[in-house]
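Whole structure, please, built from the sequences with the hints as guidance.
Be aware that the sequence shown starts at -4, since it is given in my numbering, and climbs by one per residue.
Treat the hints with care, as some may be off.
Unchecked claim - Below, in silico cross-link-like pairs of lysine-lysine (DSBU-like), each with a Cα-Cα straight-line distance of 35 Å or less:
| hint | residue 1 | residue 2 |
| --- | --- | --- |
| 1 | Lys48 | Lys97 |
| 2 | Lys97 | Lys40 |
| 3 | Lys97 | Lys69 |
The hints are simulated quantities; they were obtained by calculation from the structure and are not laboratory data. The structure presented is a predicted model; accordingly, all values stated were derived computationally and were not measured.
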Amino acid sequence: MVGTVISYTTIGIDAYQIMVESDSTGNMFGVNVVGMASNSVKESKDRVFAAIKNAGWTIPTKRFTINLAPADMKKESSALDLAIAVAVLQNVKQVPVEYLRKVAMIGELSLDGNIRPVKGVLPIAIAAKQDELDALIVPAENADEAAIIEGLTVIPVTSLREAVNYLLGTIKIAPATVDRDQIFQVLNDFQIDMFDVKGQYQVKRALEVSAAGSHNLLMIGPPGSGKTMLARRVPTILPELSLDEALEATKIHSVAGFSKNFQNGILTTKPFRSPHHTISDIALIGGGAFPRPGEVSLSHRGVLFLDELPEFKRAVLEVLRQPMEDGVVTISRAVQSLNFPAEFMLISSMNPCPCGYFGSNIPNHHCNCPMTSIQRYRSKISGPLLDRIDIHVEVPTVTYADLSSLPTGDNSATIRKRVNRARQIQHDRFREESIFCNTQMNSKMLRKYCKIDESSHKLLQNAIDKMGYSARVFDRILKVSRTIADLEGDSEIRPEHISEAISYRTLDRKYWD
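Laid out in structure tokens, this is it:
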């Protein structure tokens, strides 16, 4: 009898159904795994048969053939271990076939028959629901993550013996459940607040505009001025994650193996990723022999913070240009092409020179960097990359008066209310469009939603002629102006909105010209 079990594997951030088949012949023991299995899957045969033996079953001496269908799809996951083991047991008539027609299972086996957690459970649960299966058997550690998907019966198991006994009906296992309302009651529960930052009112305003329209932002200032402190508080003023956004972001983290760090298996706050400047271009953008999401995709629906921007390799920074423009990363291989979502808000910071004190009036901190060194340092940030950063803001050194005073200004909750109002205006505006915020507007939408009067035209013309801005910068000034108007509750873009947006584009001419 051929054993057949349903399982799943992930490719990119999506899951695909796999039929695991087991057949046996002859009187000499051997195992052959076919169906485009990677090394990690082929090695599972040793784990599987050791787990079966140590769980108490005696397997007849035969040659087993394990087939993973469809045969033209690459399988790269230890999550198939449990399905292979049960297919073998079904093949030797330890498990009746009728128990497995509408049940899928995933899990990695240890040599003693226990089941270990695996990656990519959330996309697998989504696919299982779409395939209308009766139940999904998963490792107990992954049960909460899978149970987030409403309408799917999730059975948590800790061992191969427990999984088989459940299939045979000798034991009852209660399906895993999670309280979605309770999970999202602690949504955006942060331990830090924008109220903690003393002074820097202009920078806080720029960050508020950035959050309201999901605009990219660059902070330039000397060491110790608070750039990193400000950046780490940006998620506290961003709009709350919806359930759909949380599932979309968690799906990416699940494939990358990070979902185990989340309470209840789901991401409940905006992602905040801060890779070190030694990161490679593949780690940042994604890829590899078996493509995995990079930092830009792990930042999807959240913030990608690049501290000390010129310290990153120039080639690494240049790969950011396409996802910043399109909101997606395309990884092409000879046999397939994968798309990873990458709609993130870039927050970056840098010093004005290698020592950090160029143009500073701080006593005992004077810049002695040669001009050639300063130019080489800044030239790592290319013009096309700068054009894609909507807001440039200078972060001055905090004065003693600010440091010694009590915190003042709005807290994160107050700022987030204003940001939410602006986002709601954008949501209503783009109800008939396929976008959600101002930064996603294309040229046609700019002409429709960013109409300006004659005085605003003259203001923009004067800035473009004097500063020599590119067409891309022109569009981005209009987008930022639209966001500023939304924050003020104005339906029309007025000259003061244009003026503020232009003021956020002066530092690239100050430091790069």
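For each hint, the structure was consulted:
1. In summary, the hint linking lysine 48 to lysine 97 is supported, as the alpha carbons are separated by about 27 Å, within the 35 Å threshold.
2. Annotation: proposed proximity of lysine 97 to lysine 40 holds, straight-line Cα distance about 24 Å (limit 35 Å).
3. Restraint check for lysine 97 and lysine 69: satisfied, since their Cα atoms lie roughly 23 Å apart, inside the 35 Å limit.
The structure meets every hint from the earlier list without exception.
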